[in-house]
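Trainee: Following this note's numbering, the numbering of the sequence shown begins with 1 at its first residue and continues without gaps.
Don't take every hint at face value.
Unchecked claim - In silico lysine-lysine, DSSO-like type, Cα no more than 30 Å apart, as pairs:
no. : residue 1 : residue 2
1   : K186      : K70
2   : K106      : K127
3   : K73       : K174
4   : K10       : K73
5   : K186      : K15
6   : K174      : K196
FYI, nobody ran anything at the bench for these hints, they're computed from the structure.
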Amino acid sequence: MTIAALMRCKFLLAKKIESKIAAIRQKERSKVYQQYLFASETHTTVSFDTAFAFADDMYWDQRCYRGRWKPRKHFLGADRVPAFDGADDGEEVQCAQALDSLPQVKYWIRNVARHPNSFWLPTATDKFYPDLIALLNDGRLLVVEYKGAHIAEGSDTNEKRAIGALWERESNGKGLFVVAEKMVNKKDVRQQLAEKIGI
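Construct the entire structure; sequences and hints are all you get.
Mentor: So this is what it looks like as structure tokens:
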């Protein structure tokens with residue numbers, strides 16, 4: 001190609017080069033992530049000492065849920081539930097209702113994505129903020145990620161399942177992690193949560 005032709009498409013070439021470099025970086029990040037967190041010789045530790053904590057003012061700056069349902073066990077109270085993703089009567093709210101109904105749950109909270117007070121787990125590229133966090137009567141922490149059928153399978157969900165399972169395994173029995181769906185093996189959300197808790 002002539003210099004004049006290259007000059008005419010320099011921005012297009014630059015975008016293409018940036019895209020290639022970003023893809024290579026992502027591939028390497030994923031490889032290192034897998035190698036350091038999931039390799040058999042890797043020793044991962046989970047600490048609850050400086051981790052997530054329930055606090056009265058943790059979501060003071062968030063928009064609140066204003067639907068008809070009034071949860072009984074939300075940590076901040078029925079009127080201070082951070083807004084859910086989706087509709088006020090959507091599947092995520094239904095998952096919260098199932099969690100709220102379980103007698104083994106002491107209290108729970110709607111976990112707000114990208115908030116400094118929220119619970120998160122690392123992914124290869126970012127932080128993963130599960131939807132609901134519950135303290136059980138026996139002191140264990142139950143972490144719930146809800147997935148609608150249209151996104152229940154895929155690389156993003158699989159990565160979340162993997163890091164959640166690792167966190168649970170390394171928590172020494174203090175943590176439970178579940179990806180809940182509307183229906184799994186003929187079990188509704190409440191049954192999936194109850195099974196994870198061990199009812």
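Trainee: Failing hints, ascending?
Mentor: 4 and 5
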